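There are 4 protein chains.
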Amino acid sequence: MTLRIGMLGYRFMGRAHANALARLPMFFPDAPDVERAVLIGRDEAALAAAVDTLGFDRGATDWRDALGEIDVLYNLGPNHLHPEPSIAALDRGVHVFCEKPLAHELDLAERMATAARDSDAVAAIGFNYRFVPAIALAKRLIAAGELGEIRQFRGRYLQDWLCDPAEPWSWRLDESLAGSGALGDLGAHTLDLARYLVGDVDAVSGHLRTFVEERPDPRGEGTRPVTVDDAFSAQLAFEGGAVGTVEASRVADGHANDHAIAVHGTEGSLRFSLERLNELAVKRRGGRGYERVLVTDESDPYVDHWWPPGHVLGWEHTFVHEDYEFLTAVASARRGESTRQSESVREAESAQRFRPDFRDGLVVQRTLDATERSHRDGEWIPLDAELPPSAN
Amino acid sequence: MTLRIGMLGYRFMGRAHANALARLPMFFPDAPDVERAVLIGRDEAALAAAVDTLGFDRGATDWRDALGEIDVLYNLGPNHLHPEPSIAALDRGVHVFCEKPLAHELDLAERMATAARDSDAVAAIGFNYRFVPAIALAKRLIAAGELGEIRQFRGRYLQDWLCDPAEPWSWRLDESLAGSGALGDLGAHTLDLARYLVGDVDAVSGHLRTFVEERPDPRGEGTRPVTVDDAFSAQLAFEGGAVGTVEASRVADGHANDHAIAVHGTEGSLRFSLERLNELAVKRRGGRGYERVLVTDESDPYVDHWWPPGHVLGWEHTFVHEDYEFLTAVASARRGESTRQSESVREAESAQRFRPDFRDGLVVQRTLDATERSHRDGEWIPLDAELPPSAN
Amino acid sequence: MTLRIGMLGYRFMGRAHANALARLPMFFPDAPDVERAVLIGRDEAALAAAVDTLGFDRGATDWRDALGEIDVLYNLGPNHLHPEPSIAALDRGVHVFCEKPLAHELDLAERMATAARDSDAVAAIGFNYRFVPAIALAKRLIAAGELGEIRQFRGRYLQDWLCDPAEPWSWRLDESLAGSGALGDLGAHTLDLARYLVGDVDAVSGHLRTFVEERPDPRGEGTRPVTVDDAFSAQLAFEGGAVGTVEASRVADGHANDHAIAVHGTEGSLRFSLERLNELAVKRRGGRGYERVLVTDESDPYVDHWWPPGHVLGWEHTFVHEDYEFLTAVASARRGESTRQSESVREAESAQRFRPDFRDGLVVQRTLDATERSHRDGEWIPLDAELPPSAN
Amino acid sequence: MTLRIGMLGYRFMGRAHANALARLPMFFPDAPDVERAVLIGRDEAALAAAVDTLGFDRGATDWRDALGEIDVLYNLGPNHLHPEPSIAALDRGVHVFCEKPLAHELDLAERMATAARDSDAVAAIGFNYRFVPAIALAKRLIAAGELGEIRQFRGRYLQDWLCDPAEPWSWRLDESLAGSGALGDLGAHTLDLARYLVGDVDAVSGHLRTFVEERPDPRGEGTRPVTVDDAFSAQLAFEGGAVGTVEASRVADGHANDHAIAVHGTEGSLRFSLERLNELAVKRRGGRGYERVLVTDESDPYVDHWWPPGHVLGWEHTFVHEDYEFLTAVASARRGESTRQSESVREAESAQRFRPDFRDGLVVQRTLDATERSHRDGEWIPLDAELPPSAN
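Residue numbers (numbering that gives the first Met the number 0), protein chains in the order written: chain A, 0 to 391; chain B, 0 to 391; chain C, 0 to 391; chain D, 0 to 391.
The set of hints was computed from the structure by calculation and includes no laboratory data.
Here the structure is a predicted model, which means the values were calculated and not measured.
Ideal placement from N, C-alpha and C gives every residue a C-beta, glycine not left out.
Do not rely on the hints blindly, as some may be mistaken.
[Claimed, not checked] Residues of chain B clear of chain C, computed beta-carbon distances all greater than 10 Å:
id: 1; residue: M0
id: 2; residue: M12
id: 3; residue: M25
id: 4; residue: E43
id: 5; residue: D119
id: 6; residue: T222
id: 7; residue: A259
id: 8; residue: G286
id: 9; residue: R287
id: 10; residue: G288
id: 11; residue: R334
[Unchecked claim] On the chain C side, residues computed to face chain D include the following (Cβ under 7 Å):
id: 12; residue: S204
id: 13; residue: F210
id: 14; residue: Q234
id: 15; residue: G267
id: 16; residue: H304
id: 17; residue: P307
[As the list claims (entries may be wrong)] Output of the computed footprint for chain A on chain B, the stretches with three or more beta carbons under 8 Å from beta carbons of chain A:
id: 18; stretch: 149-156
id: 19; stretch: 204-218
id: 20; stretch: 264-272
id: 21; stretch: 314-324
id: 22; stretch: 375-381
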């Protein structure tokens, strides 16, 4: 059984997933075979070049044309292109991997989650940081009770590419295309990790800020308004009694892509930073300080597939792990089995389905939406607990 | 002219200031001469021992008895003992140094600030972290515009001495004696630094949490309720347009006394942590990352008084610097001069008075109060801009 | 033109280079096309599995059979298998990439270098750490004079896989198969970087130590003697007047693969550690401390081929860069051009050939040999300056 | 019983010890009472000012005049002034604390050790880094076997005050006054720690280098030759089978006073750096990486005398601890007891005398001398094992 892959989008995320697919056979030989079948994009010249570079069989300029020929759709386009192709694919039983955030508007995200519930296909969302070995190890430690009961979470995701007011406008700065700014682009990752490691969030208090309110039009025609946030912060109250803070910025000078989290429990703490993604700092029960764990041992999540201890991995490896889990779940679903995570993170997950899925994406989307409403209203917003029930 | 010092309190802060006073002659020879005249406390035996160890002339069990014999009152008692002696001292022209937070209730803090305004005496509050050389250097860099316009502030003050639910009750856990918990004890420091480095705060959104709601009575008689927060967070909107987050905890396992701040401007950033108080990390204009500055050069604030480059200072040195500035201001006031900071931080301060003073303490107190009200009401609280005008 | 690759060895280094070859088309589209033609090994079953996993056309159990069908030989076998196949390949004009150290005995290394001199083929040695972006940036900074004149070098390469005396014997612990222990396996890398960044070494004083003198036979038959060093140190005198120290260990508890170097010049310093291979710490002229440079900008060596700033690379990427440079040089040689490094490191290299080559390997080999002789004789050993002249 | 102190030297070390003496009563109330009686120096004006600032009763321009009026001589002058006053003092039973290195010439150091052996007085040498709490904790951990058997030691002491060739000449750069350069000034500290933590050294291989061979005369009269090393390295073979490297430099740009050591044992490792002197990094048995221990707990050496956990100490505190131990030993000797270390480090010391003493100083001196001879002769130098037997 070879899975035929269609991929919408061939820039940043397209390269990340095309690379991941290409690397699976050598390092995860038990992954399903895949055929990079159709690459989808609108600019014909760029598409043709990408088909060649990324190793696809052919290109298509309309995703509708491709759906009939593929088993799996990777939806890696801009946020406003997430809903329609994803729903259409799920409706005809094509498995979907959609980049985060789920959508640029909450009601569309709700519709995507409903479509996922009503489909037998796997509907995955791209919170790839769950697949950093150090994060998977953190999950394992927390699930095993090594930190005791979790009390506090702290996350911040700092970038600096918008520091300069002369940096031009792009679709990421338009609310109607992107939904939000640092909040949805960066905060979505952090909120997913908060939920992954600590649990569901009850209520949120948010604060958004746009520092540079218009930017040069990239085609040189004056300026265009920035309608999303440059930075945001949020306070969280978790269902289980923990509290948290989350922050993201695109104007934090000196931070290229600095995603850092901290968790404090009654008997231990841990810390992680994406810029040092092979490391997890763990304050253990009975220890006196944080131990720096280089998460490159054979016993660490996913690491046995790669290199000997101390030979560090990079950012892109998270996509290999993610696609491995996703495609394994797809193959399992096609065989009529309940879809589930592989051994490597199973201890940490009770679910039998691939996670994170569209329900997880929807929960994050609701939190993003609540953060924005909280900012607008100046008060805490409770989170809607009711989710589309899982149909798998 | 020798300044006669009365000191109320002889435990933690008492030792810190007694030590600072004893060290001034050798390292700050231009500081005013002081006489450690009266040490004030209620437990006669402990007081007598402390008089001896801390080098005071005599002890007194009632602060009222001492006021007539001293020029300066160091009020280092529990928070609920801050208002009455401080006001009485200021009323009779005795200069006052009061530990933070100013009071355990906002209205008393307001009265203290009014008393300070109406007195010719210097009224100082003990935000000693302003006197860490690295923090004074941070202030200098920001004031010189080296970070551009400040956009974001992040502060957290983490301790772990209350992790264990068996840790006994103390006055610090009783709202009627302490006012608040991590908020007032730790957050007060961070909020002062936020204001020192970034500017006044417009509005605040706060979140408090008590994880352990009762603790063993230290006299072995069952348990007593904890009526203050174990941890808090707050989101800040600054007058100048910056945003910020502040956090503190007494239950952050693995952090003994970890006070850390970060500031991002349009052209640079900086970071500081109290556990490495000789270091300031600076992302400079045009630089590619944070430079680790060991703040031990002769040109760094206060450092020329101590040792050659690379010979690091400790936490206690902040009190020597603080008392040096305070006593210099007192001596100046007694000579009828306007009180002002010494050369070393003058560039960074437009004020001619000793800072931080009771007005600074009041502003922080109002922020603490607004944080609590925000938590209670679930909404943002604007800060009262009107202050008792300075009378100096 | 497609280069037919033969690869001797399919374990650690085999996987590293097979992966690198597989990744070139997507990320270095101007690299020559390659065909993974023949994989060479002795264990037929293991070989067959590796042919499949690593994507080769066929397997061969004798390297002699393969030489006629390939353009390039990757010699990745144990050290004692480096000389014969490499020399045979060069003699018939097959380009050779040989893992380090060049050989297990100095006279064989001399013969290899002579064979390389007398061949038109490219003869490369696998000092892959030259191709870490941070190291290539270090070279660029030094070559541009940003550190002034180099005075001091310090390198250490620490591993801990032999801490436990119960760790079994392997070929790496036998002098007749490996040549030396930590010295040749780890120190060779550090000595190459010393030379790459600082220049040629005049004389060396070495010190070797074997802490565990026999280890369990892996087949369960008693113990076998360890005839190589567990750890070594060396003092270096460079031709240009600089001094240095180098150290390596396989028994440094807590260090999985910790290769760290430091360079001090008259006007700056820098530091690097393999466990954080995306970072270079640079003390710049006029700076006050080390700046942490995250070497992930588009302008950094090789990084423009990969991901946006802040998306970190791993250990294996060094092989992609190395193979890109090597294969580019091979293609150039086949076109009859003088072989040379690509643009990306050209500034830092005056040579027109691929570097590091067998001459570089020989120089390191002579240094390893001198280190051992120095240990044996208890005195400094001058290094033979005369090299087989380059024939390219 | 009050000990009358005479102090020769009032600059750097003079201030460090005067401060330490002044602080003992408040923080180490069981320390012997001392009277800062006589300060000795040649420049009358400077001396008078120092007598005042450092709190001495009177000044003396000839140390011979002072010996009759004091119980203890702190010999803190330049190295060439160590022997004569120290020997004279010991001969008349005056206790001596001498700064390191013991002397500028080995034969004088031998004579000092002999004088110490033949005197009932305590003869201490100022290796103050033994009294850093983190170092004392390291000793405690090693003595308790927590690192297993020690195999490797690595030390480096980096300064940068001589980077600039325009930095003027001083007595520290003259062999006849200082003995050696980085070797004796910095390396002496590291060699003492090597011996303190690992044990005696059997043989040494040394390498010295002077990068700047003449420097401006400080009085503006042309230049003067530099006759000592700017930097040195050494390889060590310890009696117990361990190996080590030691390095120091005064031209390591970016390092103000960076004294760092590392120790690897069969079951654990540790690391320390003076720039972060409150921290000890410990790789424990069974741990996965280094744990950062903030050495500020009540149970840590000396810390119970100071502040609560997390309130960090500075460089100068090492002198308070050192003088506390020394003066306690002096008082004990005067009472006719065998002199011994206090409780706090007793576990780690079998000796009953104050350590480090002149014998320890002599051993280091012999190692310095052997390092220089090794450099001159280009070969390893065995260390003379025979010491003046202890007379205490």
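Hint numbers not upheld by this structure, sorted from lowest to highest: 8, 9, 10, 16, 17, 21
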